[in-house]
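K.L.:
These protein sequences, in sequence, are chains A and B. Here full-length UniProt numbering is used: the first residue of the first sequence is 1, the next is one more, and so on. Here full-length UniProt numbering is used: the first residue of the second sequence is 1, the next is one more, and so on.
Hints listed in this document are in silico derivations from the structure and should not be mistaken for laboratory results. Incorrect hints may appear among the rest.
Since copy identity is lost for identical chains, a pair holds within one copy or between any two.
[Unchecked claim] Result set (DMTMM-like, lysine to aspartate or glutamate): computed pairs, CA atoms no more than 25 angstroms apart in a straight line:
#1 Lys203 x Asp322
#2 Lys82 x Glu284
#3 Lys203 x Glu31
#4 Lys203 x Asp45
#5 Lys203 x Glu50
#6 Lys82 x Glu64
#7 Lys82 x Asp311
#8 Lys82 x Glu50
#9 Lys82 x Asp334
#10 Lys203 x Glu428
#11 Lys203 x Glu74
#12 Lys203 x Glu115
#13 Lys203 x Asp56
#14 Lys203 x Asp16
#15 Lys82 x Asp398
#16 Lys82 x Asp296
#17 Lys203 x Asp417
#18 Lys82 x Glu107
#19 Lys82 x Asp16
#20 Lys203 x Glu153
#21 Lys82 x Glu67
#22 Lys203 x Asp273
#23 Lys82 x Asp273
#24 Lys203 x Glu107
#25 Lys82 x Glu282
None of the values given here were measured: they were computed from a predicted structure.
There are 2 protein chains.
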Amino acid sequence: MNRLQWSSLDQVARRDALRRPVQDVAAATREAVAALLADVRQRGDVALREITARFDQVALETFEVSEAEFALAETRVDPALKDAMAEAAARITAFHRAGMTQPYAVETAPGVVCERMIRPIRRVGLYVPAGTAPLPSTALMLGIPAQLAQCNEVVMCTPPRRDGSADPAVLVAARLTGVSRVLKLGGAQAIAAMAFGTETIGKCDKLFGPGNSYVTEAKQQVARSGSVAIDMPAGPSEVLVIADAGANAAFVAADLLSQAEHGPDSQVLLISDDATLLANVEAEIETQLASLSRADTARQALSGSRLILVDSLAQAFAISNDYAPEHLILALRDPRAWLHQVQVAGSVFLGDFTPEALGDYCSGTNHVLPTNGAAAAYSGVSVASFQNFVSVQSASRDGIGAIGACAVTLARAEGLDAHANAVVLRLEAVA
Amino acid sequence: MNRLQWSSLDQVARRDALRRPVQDVAAATREAVAALLADVRQRGDVALREITARFDQVALETFEVSEAEFALAETRVDPALKDAMAEAAARITAFHRAGMTQPYAVETAPGVVCERMIRPIRRVGLYVPAGTAPLPSTALMLGIPAQLAQCNEVVMCTPPRRDGSADPAVLVAARLTGVSRVLKLGGAQAIAAMAFGTETIGKCDKLFGPGNSYVTEAKQQVARSGSVAIDMPAGPSEVLVIADAGANAAFVAADLLSQAEHGPDSQVLLISDDATLLANVEAEIETQLASLSRADTARQALSGSRLILVDSLAQAFAISNDYAPEHLILALRDPRAWLHQVQVAGSVFLGDFTPEALGDYCSGTNHVLPTNGAAAAYSGVSVASFQNFVSVQSASRDGIGAIGACAVTLARAEGLDAHANAVVLRLEAVA
Chain A
1 MNRLQWSSLD
11 QVARRDALRR
21 PVQDVAAATR
31 EAVAALLADV
41 RQRGDVALRE
51 ITARFDQVAL
61 ETFEVSEAEF
71 ALAETRVDPA
81 LKDAMAEAAA
91 RITAFHRAGM
101 TQPYAVETAP
111 GVVCERMIRP
121 IRRVGLYVPA
131 GTAPLPSTAL
141 MLGIPAQLAQ
151 CNEVVMCTPP
161 RRDGSADPAV
171 LVAARLTGVS
181 RVLKLGGAQA
191 IAAMAFGTET
201 IGKCDKLFGP
211 GNSYVTEAKQ
221 QVARSGSVAI
231 DMPAGPSEVL
241 VIADAGANAA
251 FVAADLLSQA
261 EHGPDSQVLL
271 ISDDATLLAN
281 VEAEIETQLA
291 SLSRADTARQ
301 ALSGSRLILV
311 DSLAQAFAIS
321 NDYAPEHLIL
331 ALRDPRAWLH
341 QVQVAGSVFL
351 GDFTPEALGD
361 YCSGTNHVLP
371 TNGAAAAYSG
381 VSVASFQNFV
391 SVQSASRDGI
401 GAIGACAVTL
411 ARAEGLDAHA
421 NAVVLRLEAV
431 A
Chain B
1 MNRLQWSSLD
11 QVARRDALRR
21 PVQDVAAATR
31 EAVAALLADV
41 RQRGDVALRE
51 ITARFDQVAL
61 ETFEVSEAEF
71 ALAETRVDPA
81 LKDAMAEAAA
91 RITAFHRAGM
101 TQPYAVETAP
111 GVVCERMIRP
121 IRRVGLYVPA
131 GTAPLPSTAL
141 MLGIPAQLAQ
151 CNEVVMCTPP
161 RRDGSADPAV
171 LVAARLTGVS
181 RVLKLGGAQA
191 IAAMAFGTET
201 IGKCDKLFGP
211 GNSYVTEAKQ
221 QVARSGSVAI
231 DMPAGPSEVL
241 VIADAGANAA
251 FVAADLLSQA
261 EHGPDSQVLL
271 ISDDATLLAN
281 VEAEIETQLA
291 SLSRADTARQ
301 ALSGSRLILV
311 DSLAQAFAIS
321 NDYAPEHLIL
331 ALRDPRAWLH
341 QVQVAGSVFL
351 GDFTPEALGD
361 YCSGTNHVLP
371 TNGAAAAYSG
381 VSVASFQNFV
391 SVQSASRDGI
401 GAIGACAVTL
411 ARAEGLDAHA
421 NAVVLRLEAV
431 A
């Protein structure tokens, strides 16, 4: 791990310290994804079958999970895991429902009513990865807000296993959220299917969910093509921890490791105003690594990580706001007192007993969050991500009488005579 | 204008009928914009001066509007226009403020509090075009929500005039909204300056505003590069009118023309279940065209427009939802009774006395809206467009005791041992 003392760094070194691993997608990946998207767009289901045979090594006639497979999945999932998913789903639902945007109306002038109307995005596509392990938690995090938004059509794609089945836990999670249609499709081909539609898969309006570099690149390419909207740009997962002298080194080390185990490109930053804490955390990391199943992955991620000593906690928050972390853990004695200093972050975890893992699974917040600095201008997934907000205005005869002259003056100032005329005609009619 | 009878069209003809003008950016435009962006990124202000001299034909030493120029602008703008801008600003402010998202907190389990915290996007850039005419109304539509969100830094770019000054009405509008920093920069170079930053212009986190094809292409390119977020993909402005037999043909014609005068690529659709109304509107358009200053532009736009006869109004709404219009006018006898049928639109105008021009200028709603079908998954600009929503969670010792086991079960099911360990360590500490 790289230890840095912030006050001794010049501007260039500071910028380097906050630089994320280079995200350049290899030209080969870009081209492979582009070719695959074009193939699915042209040949539809036939292309999907060929690509799935090639990459997932399974021959599927249909991609859609049958009722029989859903039923079988229910019998295959450990009841304790089912209970945990149901428990998590209840809290995720409670938190997301309470934050739903409400319609409203304002009479902005006598006889002029302006409103915000809320409509679900009609057709949404959810991607649930199953790379090193299937992620039923992501099925919950995407399925629940889609259900609360009441999207007309919700389709979920998740990669097939070698035996042609889908992961049972993902299927149980999908059903918990009311997602009825699950397709056994993975990678860029799943993104292509949902973005363009095929003979059997309807075209979606917006796509959601994390994925590997192929999925991410495919989402970017379909978004650029204007075919479909996407939830947010994506990059590797990351955490920034701000810890004071009173923090528990073992807890902090465990939090850094739970980020590091995600993948070799995961980003882990620890900032403290206490050198002893930094040293203790580093020692704890070594101890805990010994017993981790994914220690190799975590070690690779940690090799690019940074422990930063700052002069003051205020400096730590300034650094964090510039870094724009996906996850921000405040391992501080009075974390709430510092919350006003958080300007930019995806999700914040307060105090010693709120590890990131709670938010990843079951506190109630969403774990699909902006990474790679996107938190500067993007927010995590919420019900609003699945909705459109439509403004509505209604002027009575009195209403246009009240505000028509204002519109005419502005239209003429902008040289838009037909705009002015559309108002004048009405004003004459109501005069 | 093209008259179509919907029930007589096959699927291909229907798709053609709703097809927008081809938006393919010429390869030459794409490359020119890319070169210009790279130049500004590398050479900063020096490049901006050269490009401004070339395209705007004015030599500017500094781009920033001075206090003296703001003061002079106040004296140059017609008091009636000033009053109209202030009146419009008051209604826009009232409507936007009433719709602001609120923070909230939910105790999702005993000792577990999940919250949504709201933070302004720190640095935003607003583009106000001044092509065929300057658009002070756009300065209001972007500046007011930025101000309500309390963004830390707000910069507005608008093209310089040949004499090196900025349009006085735009400056007065900017000041009305509290935007203090206005730069005389237009086109793709303005987008580059705000996206990358230069010696004198700070890099922005998110860019907003309409523009010509160069501005639009520049926004797309900087968004793709990951440098900055943008408000939404953009295309030519468009209106869809659904009119019944009782609609006023002169009013409908005036509304279609006020859209058509925006530009030759503007899209105009009229759908009715009454053939007589369609014929009357077409005749009215010819009459009104005679007296319009921008008749040539409007004629070009109308040549690509469509009058569609449907069997029923329900069919009209189905077509509209698939088209996803930026502006939707319901010239119906009881428009509110039909509102539930509107699933997809940017902004809706109800009844005979609510021309689109009211929303363009001063009803209170925002006129920066999704075009080109983007309304299927994007909403118009609101205060939320200038904010980030940050989730926060806090678990007490009791809290992790209540939900920790759930997180451990899910983490282990996903093979993420370090996640489980981060929770187990705490559970042991509180046991």
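K.L.:
With reference to the structure, classify each hint as holding or not holding.
P.N.:
Hint check:
1. Lys203 x Asp322: between (38 angstroms within a copy, 12 angstroms between copies)
2. Lys82 x Glu284: Neither: 33 angstroms inside a copy, 66 angstroms across copies.
3. Lys203 x Glu31: For Lys203 and Glu31, only the intra-copy Cα distance (23 angstroms) is at most 25 angstroms; the inter-copy one is 31 angstroms.
4. Lys203 x Asp45: within (13 angstroms within a copy, 45 angstroms between copies)
5. Lys203 x Glu50: Within one copy, since 20 angstroms is at most 25 angstroms while 46 angstroms is not.
6. Lys82 x Glu64: For Lys82 and Glu64, the Cα distance is within 25 angstroms only inside one copy (22 angstroms; across copies 61 angstroms).
7. Lys82 x Asp311: Close neither inside one copy (47 angstroms) nor across copies (51 angstroms); limit 25 angstroms.
8. Lys82 x Glu50: neither (34 angstroms within a copy, 65 angstroms between copies)
9. Lys82 x Asp334: neither (36 angstroms within a copy, 50 angstroms between copies)
10. Lys203 x Glu428: neither (47 angstroms within a copy, 49 angstroms between copies)
11. Lys203 x Glu74: So Lys203 and Glu74 fail the 25 angstroms test inside a copy (29 angstroms) and across (52 angstroms) alike.
12. Lys203 x Glu115: neither (30 angstroms within a copy, 34 angstroms between copies)
13. Lys203 x Asp56: within (23 angstroms within a copy, 43 angstroms between copies)
14. Lys203 x Asp16: Close across copies (18 angstroms), not inside one copy (42 angstroms); limit 25 angstroms.
15. Lys82 x Asp398: So Lys82 and Asp398 pass the 25 angstroms test across copies only (23 angstroms; inside, 59 angstroms).
16. Lys82 x Asp296: Answer is neither: 30 angstroms inside a copy and 66 angstroms across each miss the 25 angstroms cutoff.
17. Lys203 x Asp417: Answer is neither; intra-copy 40 angstroms and inter-copy 37 angstroms both fail.
18. Lys82 x Glu107: For Lys82 and Glu107, only the inter-copy Cα distance (23 angstroms) is at most 25 angstroms; the intra-copy one is 49 angstroms.
19. Lys82 x Asp16: Neither: 45 angstroms inside a chain and 49 angstroms across chains, both beyond 25 angstroms.
20. Lys203 x Glu153: within (10 angstroms within a copy, 39 angstroms between copies)
21. Lys82 x Glu67: So Lys82 and Glu67 pass the 25 angstroms test inside one copy only (18 angstroms; across, 65 angstroms).
22. Lys203 x Asp273: neither (52 angstroms within a copy, 29 angstroms between copies)
23. Lys82 x Asp273: neither (43 angstroms within a copy, 53 angstroms between copies)
24. Lys203 x Glu107: neither (39 angstroms within a copy, 38 angstroms between copies)
25. Lys82 x Glu282: Neither. Shortest intra-copy (37 angstroms) and inter-copy (63 angstroms) distances fail the 25 angstroms Cα cut-off.
The structure shown violates the earlier hints numbered 2, 7, 8, 9, 10, 11, 12, 16, 17, 19, 22, 23, 24, 25.
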